[in-house]
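Asks: Line by line, the protein sequences give chains A and B. Residues 14 to 434 (our numbering) make up the first sequence, in order. Residues 14 to 434 (our numbering) make up the second sequence, in order.
Treat the hints loosely; a few may be bogus.
No copy is singled out in the list; a pair is fine if it fits within one copy or between any two copies.
Computed list of lysine to aspartate or glutamate pairs in EDC-like fashion (alpha-carbon distance at most 20 Å, straight line) [what the hints assert, rightly or not]:
hint, residue 1, residue 2
1, LYS211, GLU128
2, LYS383, ASP260
3, LYS211, ASP87
What the hints contain is simulated information worked out from the structure, not anything from laboratory work. Note that the structure is a prediction, hence the values are computed from the model and not measured.
Here's the letter readout for the chains.
Number of protein chains: 2
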Amino acid sequence: MLAEVITIGDELLLGQTVDTNSAWMGEVLAANGVALHRITSISDQADEIVAALNEARSRVDLVLMTGGLGPTRDDITKHTLTEYFGMSLAMNHEVLRGITAWFAGRGLPMLPVNEAQAMLPDGCTVLPNPRGTAAGMWFEVEKEGRSQVIISMPGVPYEMKGLVEDEVLPGVKAKWSLPTRYHRTVLTQGIGESYLSKVVHDWEEGLADRGVGIAYLPAPGQVRVRLSAVSDGAESVQDRVDEAMADFLKLAGEHVVAEEDVTVAEALVQQLIAAGATISTAESCTGGSIASAITGVAGSSAVFEGSVVAYANSVKVAALGVDAASIERYGAVSEAVVTAMAEGIRTSMGTTYGLATSGVAGPGGGTPDKPVGTIWIALATPSGTKARLLQLGNHRGRNVRRTVLECLAWLIREVRTVSVD
Amino acid sequence: MLAEVITIGDELLLGQTVDTNSAWMGEVLAANGVALHRITSISDQADEIVAALNEARSRVDLVLMTGGLGPTRDDITKHTLTEYFGMSLAMNHEVLRGITAWFAGRGLPMLPVNEAQAMLPDGCTVLPNPRGTAAGMWFEVEKEGRSQVIISMPGVPYEMKGLVEDEVLPGVKAKWSLPTRYHRTVLTQGIGESYLSKVVHDWEEGLADRGVGIAYLPAPGQVRVRLSAVSDGAESVQDRVDEAMADFLKLAGEHVVAEEDVTVAEALVQQLIAAGATISTAESCTGGSIASAITGVAGSSAVFEGSVVAYANSVKVAALGVDAASIERYGAVSEAVVTAMAEGIRTSMGTTYGLATSGVAGPGGGTPDKPVGTIWIALATPSGTKARLLQLGNHRGRNVRRTVLECLAWLIREVRTVSVD
């Protein structure tokens, strides 16, 4: 079963909004046996919408569209589809009640443009959207003897996701019987795509014969490895993928930081919970990003106590107990200072581990001795404190993200080693 | 001048990677007078690449492709394009030297698959990529008497961006003479798209006659408003847009948090620098995300002192001086506690302002009295402390992002009010 996504909005083409909807739909559809065949982003123009829809319908029988359903005049998707399918707009009183309730629940007055959002094509199945004021629309039409479904949803990710989960997936599953498809993704860190590929070369050579596909999904500092198989009837695709993955895990060894498709922060929180350990952070150049990454994980309060973001040197001294003379002598970006920060936070918050960062994130602040990208990280543990020097690049955001990733993966390996011991 | 983008990679269709490249290219191209007409994402399949390229070439004369240039066997873009253009692969010794230097600079051994990345189509212009091992390729061909340019670049954002800035833009500008195009975007917060549209209704009605286009770009809690115009020769498009924008700014009033296309955090840092003020944060439910947002802005060290992420109640008491009896009596999520947190951090870090958050981000931790989404925020200022209660939804990440946004915008308005006084 193939589907296509069409995302609509001038802001996508002008680069003022990143299209995160397509990736989310691709993942959810794949997990349900629907392979996304193409994603097309177009402007808020009727002829573009019609052209893209005709092209998609020439390739696949399920088309999901997002965007252009807002109340303002640059939103033309609903009018375009109504005309495209030869329908007329009619007031949908159930949707109108929903919109009225939505405004009432927020204590806000309802405007005529919002009331107009309840005018919907008379021949579509309306998909209620309790999260907003733009309803979804399910159009079902014949093409060359096949039944095609075209769905239009608002572009606000939160509203679109709710519609997909509550309305679109149940509807698609009810309409088509879908083949079994199984993916498994693991997360490696600290090894480049080509090195990883070399380490597992012979194994990879044999994958096709096992009926398993592989993809390397690189991001800065990490590579996700995905194995997949589609059911051919007799045997279990899950066993086939799991057996191939077991071989991969042996070959990739310590480079694997998570044996499932989670973020590094999620893997860390799981490991800390399993080990009964806790963590606190003392952050200078990462500015709270490690704490933010960890606390982004639901349930992290079981393992995360808190953090001191010590941007100013005075905070390093007052809140973390770093020796002012040490800062004076070695500089804030130094092994001595980052070690004291890690030990200071571990002691003051009473946690199993303390992580600390101090570096020159850039773009300013570099010196010949300590150029931009010079970043010290330290990990205080029950058996002592270690420090490492990272030498990264010139890009502030990238330096912070890489440092966060290195710290989290470092702690994952530390906790795993201790747990094994 | 129109262009299209084709992004290539199974991971995009499976939703394992969000395509951020297209938005970035769209923005950079628009700023240079090239309008992105369509974005197409396809899988790593030769027939898909050929089909998408043929379709794009039937609509526009400039096609930018990213992805599928890695060293592993699922990367087939280079081979597909070489065949498509009837070329052959040949060793490019300059690129080989670059790749060799890239590995030497990192103290890493070079693998045969990396050496093979220097095999490039003999009829293209090679675009050197000092940031990685996959070179860019510039193909120039005739179609129906017009000259067309097709460019292939690696999908790693950092490498692609470098290639666009260093090679693609200069090349495109040299080849085509581009019309003058001018955009201006401002950022509003705390007013929905339809309310904003109503407030400025009459003004918006007159925009078309002024030769100015408008787009509302909503994101949770904020709306960016973009005005644009294309030069028709005689008058300045910049004046035309700026005059229309001046009228908008009067109508939108305090809802405008930035008069340029910056993030809320960037606007805040600019305002604090202008006011000579400093900030510290005490974060519970936001877990360091406010600090992370502020320190993500280059130059923020001039205004940001530090933060205490007080996830555990013991940290609220020990590091922020919150009265333990207060937590016992009112709960950690309360006006009394968040007020004490804001005052505690402002005092201990000696800053002009102190921001604090304490709430139930979810998905767990809610009670009938304080359901998930109940979030207190406080702002300590030289003239006293204010607290506000936010009642948000059930989604953890969304609750954190909304809270960060509310806090930053609140402080922007506070600083602006004080500066005006």
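Asks: Each hint needs a verdict: does it hold in this structure or not?
Replies: Tested hints:
1. LYS211 <-> GLU128: This pair counts as between: shortest inter-copy Cα distance 13 Å, intra-copy 60 Å.
2. LYS383 <-> ASP260: Classified as neither; 43 Å inside a copy, 48 Å across copies.
3. LYS211 <-> ASP87: Between copies, since 14 Å is at most 20 Å while 51 Å is not.
Against the hints set out earlier in the document, a violation occurs for number 2 only.
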